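Single-letter residue listing:
Protein chains: 4
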Amino acid sequence: MSRAYSDMTLPIEKVFRDPVHNYIHVEHQVILDLIDSKEFQRLRRIKQLGTTSFTFHGAEHSRFSHSLGVYEITRRICNIFKRNFPIEDNPENGWDDSERLVALCAALLHDIGHGPYSHTFENIFDTNHEELTTAIMTSPESEVYQILARVEADFPEKVASVIAKTYPNQQVVQMISSQIDADRMDYLLRDAYFTGTEYGTFDLTRILRVIRPDKHGIAFQMSGMHAVEDYIVSRYQMYMQVYFHPVSRGMEVILDHLLKYGKKLYAKQPDYFERTSILLVPFLNGRFTLSDYLKLDDGVLNSYFTLWSEYDDPILSDLAKRFLNRKPFKSVTFDASTKEVLPVLKEIIAKVGFNAEVYTAVNSSYDLPYDFYRPEQEKFRTQIELIQKDGTLIELAQASDLVAALAGQGHGDQRFYFPKEMLGQADTPAITLFEDDLTYFNSYIKNGAIQLTKN
Amino acid sequence: MSRAYSDMTLPIEKVFRDPVHNYIHVEHQVILDLIDSKEFQRLRRIKQLGTTSFTFHGAEHSRFSHSLGVYEITRRICNIFKRNFPIEDNPENGWDDSERLVALCAALLHDIGHGPYSHTFENIFDTNHEELTTAIMTSPESEVYQILARVEADFPEKVASVIAKTYPNQQVVQMISSQIDADRMDYLLRDAYFTGTEYGTFDLTRILRVIRPDKHGIAFQMSGMHAVEDYIVSRYQMYMQVYFHPVSRGMEVILDHLLKYGKKLYAKQPDYFERTSILLVPFLNGRFTLSDYLKLDDGVLNSYFTLWSEYDDPILSDLAKRFLNRKPFKSVTFDASTKEVLPVLKEIIAKVGFNAEVYTAVNSSYDLPYDFYRPEQEKFRTQIELIQKDGTLIELAQASDLVAALAGQGHGDQRFYFPKEMLGQADTPAITLFEDDLTYFNSYIKNGAIQLTKN
Amino acid sequence: MSRAYSDMTLPIEKVFRDPVHNYIHVEHQVILDLIDSKEFQRLRRIKQLGTTSFTFHGAEHSRFSHSLGVYEITRRICNIFKRNFPIEDNPENGWDDSERLVALCAALLHDIGHGPYSHTFENIFDTNHEELTTAIMTSPESEVYQILARVEADFPEKVASVIAKTYPNQQVVQMISSQIDADRMDYLLRDAYFTGTEYGTFDLTRILRVIRPDKHGIAFQMSGMHAVEDYIVSRYQMYMQVYFHPVSRGMEVILDHLLKYGKKLYAKQPDYFERTSILLVPFLNGRFTLSDYLKLDDGVLNSYFTLWSEYDDPILSDLAKRFLNRKPFKSVTFDASTKEVLPVLKEIIAKVGFNAEVYTAVNSSYDLPYDFYRPEQEKFRTQIELIQKDGTLIELAQASDLVAALAGQGHGDQRFYFPKEMLGQADTPAITLFEDDLTYFNSYIKNGAIQLTKN
Amino acid sequence: MSRAYSDMTLPIEKVFRDPVHNYIHVEHQVILDLIDSKEFQRLRRIKQLGTTSFTFHGAEHSRFSHSLGVYEITRRICNIFKRNFPIEDNPENGWDDSERLVALCAALLHDIGHGPYSHTFENIFDTNHEELTTAIMTSPESEVYQILARVEADFPEKVASVIAKTYPNQQVVQMISSQIDADRMDYLLRDAYFTGTEYGTFDLTRILRVIRPDKHGIAFQMSGMHAVEDYIVSRYQMYMQVYFHPVSRGMEVILDHLLKYGKKLYAKQPDYFERTSILLVPFLNGRFTLSDYLKLDDGVLNSYFTLWSEYDDPILSDLAKRFLNRKPFKSVTFDASTKEVLPVLKEIIAKVGFNAEVYTAVNSSYDLPYDFYRPEQEKFRTQIELIQKDGTLIELAQASDLVAALAGQGHGDQRFYFPKEMLGQADTPAITLFEDDLTYFNSYIKNGAIQLTKN
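Chains as they are written, first to last, in my numbering: chain A, 1 to 455; chain B, 456 to 910; chain C, 911 to 1365; chain D, 1366 to 1820.
The following block holds chain A by itself, in its conformation from the complex:
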C-alpha cells in the first residue's frame, strides 16, 4: 500500500502557472497532497522577503511560490540526471532515480518551518525554523507527516534528514542545500523577478545543462564555468543591492524593537495582550506548541500591530505605527575605527527625547541569515567543483578570477540606525527646539558614514 502511494502518478500531469519557471509540473500524488496540506498552504500567508517589500514594492511573493520553484528546479535536475547520468550506466558517479521522491519532497518542504518575519521573530521568541521544519515533518499531528508516512514508515525521517544534511546520498543533499542548489537558484531568480531588478538573473538553462552527479555530490562540467561564475556574481549582487538594502533593514530594526518591546510590556500588562493578541500570547509567555506556531502568519502579526498602534503605551503605539505606515529608521555605516562614536550619538538621541534603547539599533549585514560564500570561515560548506574533460575536479575559485575575488571574505556593512527626525528634515516644532543637538549629531556624518572628527 505505501509502495503503491509512492508510485502513484497523476493520470494527467498537473501544472501550476509560474512567472519564473513558466510551469511547475506535478506528477506524483504525494507531491499534490503535500501542496494541498494545510501546513503548506499556510506558506501563502508568509512573504518570502519580509521587510524587503517595503523597499521593492513588487516583492510581495510568498514562501509558497518559492517552495514550488525549488521543487520544480529539483524535478528538472532529476530528469536530467536520469536521462544523461543514470547509475545503471555510471555506477560510480551516476544518479539513482529511486531517490527522486525523497529529493522532491525535501525540496518542496525545505522552508515549511518558516513563520512570519522569520529571522526577526525567532531571535526574540526562541523559535527556530530549521527545527520547526523537522518538527512539522515528523510530528504525527501534521498533515505533512501523515502524507509522508503513507509512503513508508520512515519516510518522514528520511526527508527530514535531507534538510539536516545527514541523508547518506549527498547528491540529494546538495541538490537542496549547497553553495549552488535548487533553493538558492530559485530565490535569486524569483526575487529578481518580483523586485524588478536584474541582478539576480543568471542562466538557469545553461547551468542545468552542465550540472552532473558525482560520487561526492554535485559537480559542473568545466565548459559551464562561466555560467556558474555568473551565478555567483548574481548572488553577490542580490545580497549587496536587494537583501542588504539599508531601508529594508531600517524597517527590520523597527519590527525587532516593536516585538521585543511588546514582549517586555506583556510581562507588565498581560491582560492587554491576552485580550487583543490571542494568537501571539503563547510566544509572549514562552509556552508555545507546534500547533500555536502553525497559526501564525504575516497577517496575524500585522493585525495585532494595528491594534497596538492605538494602545496608550506611547512607545508600543509609536513603533507599531512606524512599522505599519513604513517610517523606517535612517542609518549610517560605521566600522571598527568609528565605532567609538556610537555612544556619543546615542546620548544626543536620548537628549532630544528618544528612548535610545528602543530608538536606535546596530544592524550588521554579516549577521543576516542569507549566508554568503566564505569557504575558509565556515568549514562545512561544500565547495563548487568543476569537472575537466579527463574527469579530474577543480574548485571553482581556482578557475575563476571573479569568484576568487569574492571568495573567503565577508561582504556587507554595519549600520547604526536612528529616527529620521535626527536628520532634522522633519518639519515639526518639537524638533526645531533641538536644532543645536541635531546639528551636532549631523556633524558626525559624512558621505553616509560616521566620521571621527566633527565636520
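All clues given are correct.
Below, computed lysine to any residue pairings styled on SDA-like, alpha-carbon distance capped at 20 Å:
(1) B:Lys776 / B:Ser732
(2) A:Lys14 / C:Leu1118
(3) B:Lys901 / C:Met1132
(4) C:Lys1299 / C:Met1135
(5) A:Lys389 / D:Lys1785
(6) D:Lys1785 / C:Gln951
(7) C:Lys1170 / C:Pro1224
(8) C:Lys1299 / C:Ile1117
(9) B:Lys875 / B:Ile803
(10) C:Lys924 / D:Gly1813
(11) B:Lys493 / A:Glu421
(12) B:Lys844 / C:Leu1333
(13) D:Lys1523 / D:Glu1496
(14) A:Lys346 / A:Tyr261
(15) D:Lys1379 / B:Asn539
Take a look, some chain A residues computed to stay more than 10 Å from chain B by CB distance:
(16) Ala336
(17) Ile348
(18) Gly391
(19) Ala405
Since the hints were made in silico from the structure, they are not lab data. The model shown is predicted, which means the values in this text are computed figures rather than measured ones. Note that beta-carbon positions come from the ideal geometry of N, C-alpha and C, so glycine has one too.
Position chains B, C and D against the provided structure of chain A, taking the given hints into account.
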C-alpha cells in the same frame, strides 16, 4: 503657501523600482506625501486580485503597487501631451498642463477606498469602495485629505470629482477612467506579469505613442488602431482566462458564504466575535466608521478565519478551513435552458448532508465588477475614438473586425458551485455511504456543464 | 547500415543557442549532418523576411535560424506525443514514434528550396521554391539527398512527400504544415522577436500542453481553446502590422521592377550582364540548373545591384540605387470603387517624366504568399479541431467569437505604388517645374486612400 | 540657412522600432538625412559580429541597427543631462545642450567606416576603419559630408574630431568613446539579445539614472556603483563567452587565410580575379579609392567566395568552401610553456598533406580589437569615476572588489588552429592512411590544451 506646496518638486526625482514599468518616477512633494500617508501605505496589505492568487500563485501583488503603476502611466501621458499637444499650440484639443497635479493625485488615489476582498466584502457589509474613496479624500481626519487640502482648499473635492467623473476636464477624467485608461492599462500588464500569463500583454509604448488629447477627452491616432485593438483583445483574454477563472471563483463563493455565515452567527453569539474578532465587530453589527474601515486588511480577515477555524460551530469552522487551506468548491456551467436542474442538484446535496444554502452557490461572471466592453448596454461608457489624418473621428469597432466581434455582448459564464465531495473523488467512508446519490448527481453533468437529461 | 545511421544518436546531445527557443537540441547524427550540409548552410545567406528588414531593422534573421526553430518545435511535439499519447496506449489516435525522424527531417528542410527574395524572384525567373525543395531532397548530387539516402533508399522521397502533404501519416504532415503548425509557430515568434514587435507573441508552452495527436492529424484539447485563439489573433496582427507593411512592399515593388527590367535589358545587352552578373545569367537566359540555383543568395543579388547602380542605363541604375539605398515607392490604398482612378494617376506620373510601367505598381497583399485563414475559400485547408472532454471534436471558429470574426474573409489591402517625388516633398528643381501636376495628383488622395472626386 | 538646418526638427518625431531600445526616436532633420544617406544604408549589408553568427546563429544583426542604438543611448543621455545637469545651473560640471547635435551625429556615424569582416579585412588590405570613418565624414563626394556640411562648414571636421577624441568637450567624447560609453552599452545589450545569451545584460535604465556630466567628462553617482560594476562584469562575460568563442575564431582564421591566399594568387593570376571579382580588384592590387571601399559589403565577399569555391586552384577552392559551408578549423590552447610544441604539430600536419602555412593558424584573443579594461597597461584609457555625496571622485576599481579582480590584466587565450581532419574523426579513407600521425598529433593534446609530454 498652498500654491508653493503644489509647485514643490523634489530636488532629486525619487524613484520606486517597479517590475512592470521599470521605475515609478516621483517629482512632486505632494505625491511623495500621499504615498507616505497611512491610508496609502495600508494598500500594501490588500491584494490586488483577491482570491485569484489561489489559482495563479504569483498574483500576490497589492493594490499599493497597482496604484503606483496607474500614477506612472498617467504621468507619462501628461508628459506626452505636454510635449506634443500643449494647449498653447492646440487651443481646441490640446492639453493644459496645469491639470497635471489633479490628474496625478486622482490616478494615485483611485483605489484608496478599497478594503480586503472588496467585492465580496462590500456585498455583505454594505461598504462601497467608491464612496469610501471619496470619503477618504474629503474627510478632515485622513492624512490624504490633509495633504490634498494643503494644495488648495477645494483640491480634495476636485480630486474626488475626477473619480466621480464629474470633473469638467474630460481629458483628466478619461485618463483615469474610460474604456482604455491608465487604470486598466496598468492592471492588465501588472496582473499578466504577476500571474505569469501573457494574455494581458499589449504594447503600452505604442499606445502611448498614439494617444492624444481631444476636446471631448482622449482619442487615438488612426495609425495606432491595431495597437488599441490588441489591447482590447488582451483585456478580453485576461477576463476569460484569469479574472473569471472557475477555481478562483470557487474560493470566492466560500469566502462569501463564510462572511455571511459569520454575520448571521454574530447575531446569535456576539460574545464570541467580540472576543476574537475585534476589528470586524463594527461591520458585523453594522455600525462602522471610516476609521474602522481603515483598520481592515487581508491579514485581519485571515487571522480571524484562523481563530474561527477552531470554533465549535461546525459550519463556521469548516468554511474557515476550506478558505485558509484552499479547498475550493467545484463547479459546472449552466444556462437558461438547464437552470431548472439546479433545485434537483441542491436537493441531492442536502440529502448527502450538506446545508445546501451554505454549501452551494451560483456565480455569474457577468456580475463581477471587472467590467467589460458593452457600449450598447451601458450608455455612460465613452467610446474609443480614432482620429484620421484629416481630423475626423471613427469609433473603434467601426475600424476593427476583432473589436466588433467582441463589442456589445457579454462574455463569461454562469456556474453552479458545490462541494468537491459531490464528485465522489474524496476517499472518505462518509461519502461512500451516499454512492447512489453521487452517481445520480453526476448524471446531470457532461463536458463540464449541466445537462437536462440524465446520462 | 542505413538502419544503424537512422538510429545513431550523438553521445552528447548537441545544442545551438537560440534567442527564441533558448536551445535547439540535436540528438540524431542525421540531423547534425543535414545542418552541416552545404545546401542547409546556404540558408544563412538568405534573409527570412526579405524586404521587411527595410522597415523593421532588427529583422535581419535568416532562413537558417527559422529552419532550426521549426525543427525544435517539431522535436518538442514528438516528445510530448511520445510521452503522453503513444500509439501503444492509444491505438486509434496515438503517435507512432518511429515517425519521428521523418518528421524532424521534413521540419528542418521544409524551406531548403528557398532562394534570395523568394517570392519576388520566382515570379520573374520561373523558379518555384516548393519544387526546388523536392528537387534538393531527391537529387543525387545534393548533400542533403546523400544524407537522407543513407537512412533508407526511399527516405528522401518520404521526406519530400511530407512537404507535398502526400505522406500517409497526417499527424506528421500537419505538424509541419497546417493552420497551426511548427512552421507558423516558429516564424510568428521569431519574426516578433527580431522585429521587436509583440504582436506575434503567443503562449507556445501552453499550446504544446494542449496539442495532441488524432487519427486524422493534430487536434487541441478544449481547455486550450483560448491559447489557440490567441495564436490566431497574433497571426492576424503580424500579417496586418508586419508582413503587409506598406513600406516593405514599397521596397518589394522596386525589387520586382528592377529584376524584371534587368531581365528585359539582358535580351538587348547580354554582354554587360555576362560580364558583371555571372551567377545570375542562367536565370536571365532561362537555362538554369539546380546547381545554379544553389549558388544564389541575398548577397549575390545585392552585389550585382551595386554594379548595376553604376551602369549607364538610367533606369537600371536608378532602380538599383533606390533598392540599395532604401528609397521605397510611396503608396495609397484603393478598392473596386476607386480603381478607375489608376490610369489617371499613371498618366500624370508619365507626364512628369517617369516611365509609368517601371515607376508604378499595384500590390495586393492578398496575393502575397503569406497565406491567411480562409477555410471557405480554399478547401484544402485542414480545420483546427478542439477535443471536448467526451472525445467529440469542435471546429475552432464554432467555439471562438474572435476566430469566427477573422475566419473566411481576406484581410489586407490593395495599394498603388509610385515615386515619392509625386508627393511633392522632394526639394528638387526638376519637380518644382511640375507643381501643377503634383497638385492635381495629390487631389486624388485623402486619408491615405485614392478618392474619386478631387478634393 | 545652415543654422536653420541644424535646428530643423521633424513636425512629428519619427521612430524606428528596435528590439533592444523599443523605439529609436529621431527628432532632427539632420539625423534623418544621415540615416537615409547611402553610406549609412550600406551598413545594413555588414554584419555587426562577422563570423560570430557561425556560432550564435541569431547574431545576424547589422552595423546599421547597432549604429541606431548608439545614437539612441546618446540621445537619452543628452536628455538626462539637459533636464538634470544643465550648464545654466552647473557652470562648472554641467552639460551644454548646444553640443547635442555634434554628439548625436558622432554617435550615429561612429562605425560608418566599417567594411565587411572589418578586422580581418583591414589586416590584409591595409584599410583602416577609423581613418575611413574620418574620410567618409570629410570627403566632399560623400552624402554624409554633404549633410554635415549643411549644418556648418566645419561641422564635418567637428564630428570627425569627436571620433578622434580631439574634440574639446570631453563630455561629448566620453559619451561616444570611453570605458563605459553609448557604443559599448549598445553592443553588449544588442549582441546579448541577438545571440540569445544573457551575459551581456546589465541595467541600462539604472546606469542612465546615475550617469552625470563632469568637468573632465562623464562620471557616475556613487549610489550606482553596483550597476556600473555589473556592466563591467557583463562586458567581461561577453568577451569570454561570445566574442572570443573558439569556433567563431576558427572561422575567422579560415577567412583570413582565404583572403590572404586570394591576394597572393591574384599576383599570379590577375585575369581570373578581374573577371570574377570585380569589386575586390582594387584591394587585391592595392589601388583602392574611398568609392571602391563603399561598394564592399559582406554579400560582395561571399558572392566571390561562391565563385572561388569552383575555381581550379585546390587551396582557394577548399578554403572558400570551408568558409561558405562552415567547416571551422579546430583548436587547442597553448601558453608560453607549451609554445615550443607548435612546430612539431605543424610538421605532422604537413606530413599528413596539408599546406601548414595555410591550414594552421595561431589566434590570440588579446590581439582582437574588442578591447578590455586594463588601465595600467594602456594609459590613454579614461578611468571610470564615481562621485561621492560630497563631490569627491573615486576610481571604480577602488570601490569594487569585482572590478579590481578584473582590472589591469588581459583575459582570453591563445589558440593553435588546424583542420578538423587532424582529430581523426573525419571518416574518410584519405585520413585513415595517416592513422599513426593522427595518434601522434593527439598525444600532444589534453583537456583542450597543448601539453609538453605526450600522453
